[in-house]
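Given the sequences, and given the hints that come with them, work out the whole structure.
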Amino acid sequence: MQQAKVPPLGKRAAENRLLLGLLLAPAAIFLFVFLVVPMFGLFRASFYEGNQPLGGVGFSLQHYEKFLLDGYYLSVLAETIGFGLASAFVSLVIGFPVGYSLARLPPEKRRWRLIAVILPLTLSLVVVVFGWLVVLGRNGLLNSLLIGFGLIDRPHQLLFNRTAVLVVLVQQFLPFMILSVMSVVAQINPVLEQAAANLRANRFTTFRRVVLPLAMPGILSGLTLVFILTASAFITPRLIGGPRIQMIGSLIYQQVLTILNWPFAAAMAFILLIITLAVTWVANATLAVRLDSEKSGHAN
Amino acid sequence: MRIDAIDVGLKIAGAIVRPLVYLTLCLPAAIVVVTSFTAGESLRFPPEGFSLRWYQAAINSEPFMDSLWASTKLAFIATILSLAIGLASSFAIDRFRFRGREAFRTLTLSPLVVPMVVLGLGLLQFLSWMQLNQTFAGLLIGHVLITLPYVVRTLTASLVLFDRTLEQAAMNLRAPPWRILWRITLPLIGPALVSASVFAFVTSFGNITLSIFLGFAGETTLPVQIFTYVEHSYDPILAAVSTIVILVTLIVIAIVEKLVGMETVA
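Going down the list, the sequences are from chains A and B.
Heads up, my numbering is the position in the first sequence plus 14, with the first residue counted as 1.
Heads up, my numbering is the position in the second sequence plus 258, with the first residue counted as 1.
Among the clues, some could well be false.
Capping the alpha-carbon separation at 27 Å, the derived lysine-lysine pairs in DSS-like fashion look like this [unchecked claim]:
1. B:Lys331 / B:Lys516
2. B:Lys331 / A:Lys123
3. A:Lys123 / B:Lys269
Because the hints were derived from the structure by calculation, they are not lab data.
Here it is, written out as structure tokens:
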């Protein structure tokens, strides 16, 4: 009975191929047309001659030269990378204990804490930044508190400096670090830590020798993610940092929407893309090296 | 157990850092909500008195209400499209072994890796070539692009855990394929569908970076409207509008928490 219902193999394979094609087509076509082609278009545009928004022609390296040979642009690049690194490492230092404890908490205790972590991720960036303007503003929460405690006698300017930008960037991207640490720690068997404790290792040694190596994939992916998100930020530097603090994202935004020099913006966008790809590559390579050395360590 | 100075130090540091982190993460949203009820003329903390006047102002403001409607509509349509495309791709990735499968998966997730400004500029230029810039369609394309990775990631993760024997049992009982899909497969991946669509919705609803590149004068999204407003003026109407955004986000999170639990999205 069952046998009779099954169509011949060849027909079934053809049907399967058709089904697979139908399932793949929408995403493949959509992503090719609206992601791959625009990226190639952008790459091409970064070599156009001239400074017009559309309809560029020719081939020149002038936009890359302009960026890479000018002290001002290089300082913006350095600032961007600096913010990226600072934000990634601060997130790691304060995000690790939170992610670790979340992974080890029983589900009913985890619930509200998890909501507190996920809320800033889902909330619109512009609302978060606006909230910080109210916290750090002249008549804001922090100035009121400092005056209330008698630490200062009149409101200070707390916005438009690097520290403020860094605080706001860390607050926005910290959840990514917390969640990535949480997901790897959840997979580390607590028995391993107990074993280390039984061998009279203190918490720090256990952390360094047991938890840290096992959590490395999550730590690296968290660092990479926070770095990339920070390096491409432009809303925060613009609103919290003001005109004196420039990052590459804000320069791209200005060139596109105010100055209308799209080829130069395209060149900067590619420089940013190359930096993020390089960071991702370094993180993956580090991980591969660690895994390799672990394997050979076991073999010896 | 012996007592170790480092142990105690770490314990105390952790006990201080953790509450501070949770507090800071919620601080901006909490402050916005509190200041939105001010009766005064300016944004300050603590707020002066209590009133709903700025909510009234927000509801009567055409630009804000128009953009709230535009954002809702956009997020809704983008979510449906993204869910349809993403569900098909996730099935293909999970159920078939084909050449280029890994490459296809990477492609669907790649809008997450490309910095949003780069994506925004690339798409703006392409849409301008296609004469689609500053249209609702252009904005929609961008939003499907950025929500798709979340949908694919959530759905493939859930399909991996799927117990195929249930489908096989239904097949043995001679259920037609569409019925297996409708009665067995979709209900079983239901929680993942809920969290995927919710994440797609909030991602689109709150997005500013891409919308600012693709947006247009006639129909801006709410985040872009807020951004433009913050740049030149600064009054409590913004707190009221932002509170509406926070409320929408919270409602959506509450739906996920109620239906499937926060654990599934983290």
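For each hint, the structure was consulted:
| no. | hint | result |
| --- | --- | --- |
| 1 | B:Lys331 / B:Lys516 | holds (24 Å) |
| 2 | B:Lys331 / A:Lys123 | violated (36 Å) |
| 3 | A:Lys123 / B:Lys269 | holds (18 Å) |
Violation of the numbered hints given earlier is confined to hint 2; every other hint is satisfied by the structure.
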